[in-house]
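Q: Residue-level listing of the chains:
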Amino acid sequence: MRELRTEAKSENLDTVLEFTTDGFDVIGVSPALRMKMEVAVEEIFVNIASYAYGGKPGPVVIKTDVSGEPSTWKTVFIDEGIEYNPLKKPDPDISLSVEERAVGGLGIYMVKKSMDSMEYEYTDGKNILTITKILE
Amino acid sequence: MTIEMNKNGGELKLSIEGRLDTTTSPELEGKLKGELDGVTALEFDIKDLEYISSAGLRVLLQAQKTMNKQGKMVIHNASEDIMEIFDVTGFSDILTIE
Numbered sequence: 068m069r070e071l072r073t074e075a076k077s078e079n080l081d082t083v084l085e086f087t088t089d090g091f092d093v094i095g096v097s098p099a100l101r102m103k104m105e106v107a108v109e110e111i112f113v114n115i116a117s118y119a120y121g122g123k124p125g126p127v128v129i130k131t132d133v134s135g136e137p138s139t140w141k142t143v144f145i146d147e148g149i150e151y152n153p154l155k156k157p158d159p160d161i162s163l164s165v166e167e168r169a170v171g172g173l174g175i176y177m178v179k180k181s182m183d184s185m186e187y188e189y190t191d192g193k194n195i196l197t198i199t200k201i202l203e
Numbered sequence: 628m629t630i631e632m633n634k635n636g637g638e639l640k641l642s643i644e645g646r647l648d649t650t651t652s653p654e655l656e657g658k659l660k661g662e663l664d665g666v667t668a669l670e671f672d673i674k675d676l677e678y679i680s681s682a683g684l685r686v687l688l689q690a691q692k693t694m695n696k697q698g699k700m701v702i703h704n705a706s707e708d709i710m711e712i713f714d715v716t717g718f719s720d721i722l723t724i725e
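Those protein sequences? They're chains Y and V, same order as listed. Heads up: the first sequence begins at 68 in my numbering, then just goes up one per residue. Heads up: the second sequence begins at 628 in my numbering, then just goes up one per residue.
Each hint should be verified, as a subset may be incorrect.
[As the list claims (entries may be wrong)] Here are the simulated lysine-lysine pairs, BS3-like style, with alpha carbons at most 30 Å apart:
(1) Y:130 / Y:193
(2) V:692 / Y:155
(3) V:658 / Y:76
(4) Y:180 / V:692
(5) V:674 / Y:179
[Claimed, not checked] If you want the ones that stay clear, here's a sample from chain Y, every Cβ over 10 Å from chain V, calculated:
(6) 69
(7) 70
(8) 77
(9) 94
(10) 121
(11) 126
(12) 151
(13) 202
To be clear, the hints were calculated from the coordinates, so they are not data collected in a lab. C-beta atoms are modelled at their ideal positions from N, C-alpha and C, and glycine is treated no differently.
Hey, can you work out the whole structure from these sequences and the hints?
A: Right, dumping it as structure tokens:
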């Protein structure tokens, strides 16, 4: 897998997006599918940037590739911050009215809904989050 | 992202082009904060909006909350891709999309 090591801050979002979608033009990924993957990368990376190190700087490693049959995009996010499993976060209630709905809390839910898989593990002091999407 | 804004009395129209994400959403949020006073009809034209993440949805929800108290808000020309995001997040039920 290709690997990018960067600082977990939202200013680096564009770099991370370019890295994780590099080559999509060559493969011919549709704009609709591409947006799903970009949203997933943005939500996860911004989450790490905002919370993993309690607002302080810290490293994040991102690994990505496209492989297999059917062709599958896989991206892994590794940080050494506070242990946090986003899969345990309860889903927002999307049936609530405008007044009742909280502003926020949708990001991880969007990732869960749009990816084919999302797995979390905490090993050796590292949060490891892996997402995949079949490129059909 | 480019925001084009037209205000006519209590009517405010915004056309948003490009990406509404973590980096650009604060700009839209700031524009709305400064302009919503006295607005009774807020319209968004998102024909050229290519991308929206939760940061952008958050700003739209906040605008809808404000407009529910003082008037109405309508969203025009959502593309199929953006509409899918509105559907997944339940926003198609709480926003007025025409």
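Q: Look at each hint and say if it fits the structure.
A: Right, here's what the structure says about each hint:
1. Under the criterion of a C-alpha separation no larger than 30 Å, the hint pairing residue 130 of chain Y with residue 193 of chain Y is consistent with the structure, at around 14 Å.
2. Taking the CA atoms of residue 692 of chain V and residue 155 of chain Y, the gap is about 28 Å. The hint holds against a cut of 30 Å.
3. Only pairs whose Cα atoms come within 30 Å are accepted, and residue 658 of chain V paired with residue 76 of chain Y is accepted, the gap being roughly 24 Å.
4. For the hint linking residue 180 of chain Y to residue 692 of chain V, the alpha-carbon distance of about 25 Å falls within 30 Å, and the restraint holds.
5. A C-alpha spacing of about 27 Å is found between residue 674 of chain V and residue 179 of chain Y, which places the hinted pair at or below 30 Å, so the restraint holds.
6. Residue placement check: residue 69 of chain Y keeps its beta carbon more than 10 Å from all beta carbons of chain V (closest about 23 Å).
7. Every CB of chain V is more than 10 Å from the CB of residue 70 of chain Y (nearest about 23 Å), matching its label as outside the interface.
8. Its beta-carbon lying about 6 Å from the closest one in chain V, residue 77 of chain Y breaks the requirement of being farther than 10 Å from that chain.
9. Every Cβ of chain V is farther than 10 Å from the Cβ of residue 94 of chain Y; the closest lies at roughly 18 Å, confirming the non-interface assignment.
10. Every CB of chain V lies more than 10 Å from the CB of residue 121 of chain Y, the least distance being 18 Å, so the non-interface label holds.
11. For residue 126 of chain Y, the condition that its CB be more than 10 Å from all CB atoms of chain V holds, with the nearest at approximately 19 Å.
12. Separation of residue 151 of chain Y from chain V is adequate, the least Cβ-Cβ distance of about 17 Å exceeding the 10 Å criterion.
13. At roughly 16 Å from the closest C-beta of chain V, the C-beta of residue 202 of chain Y stays outside 10 Å, upholding its exclusion from the interface.
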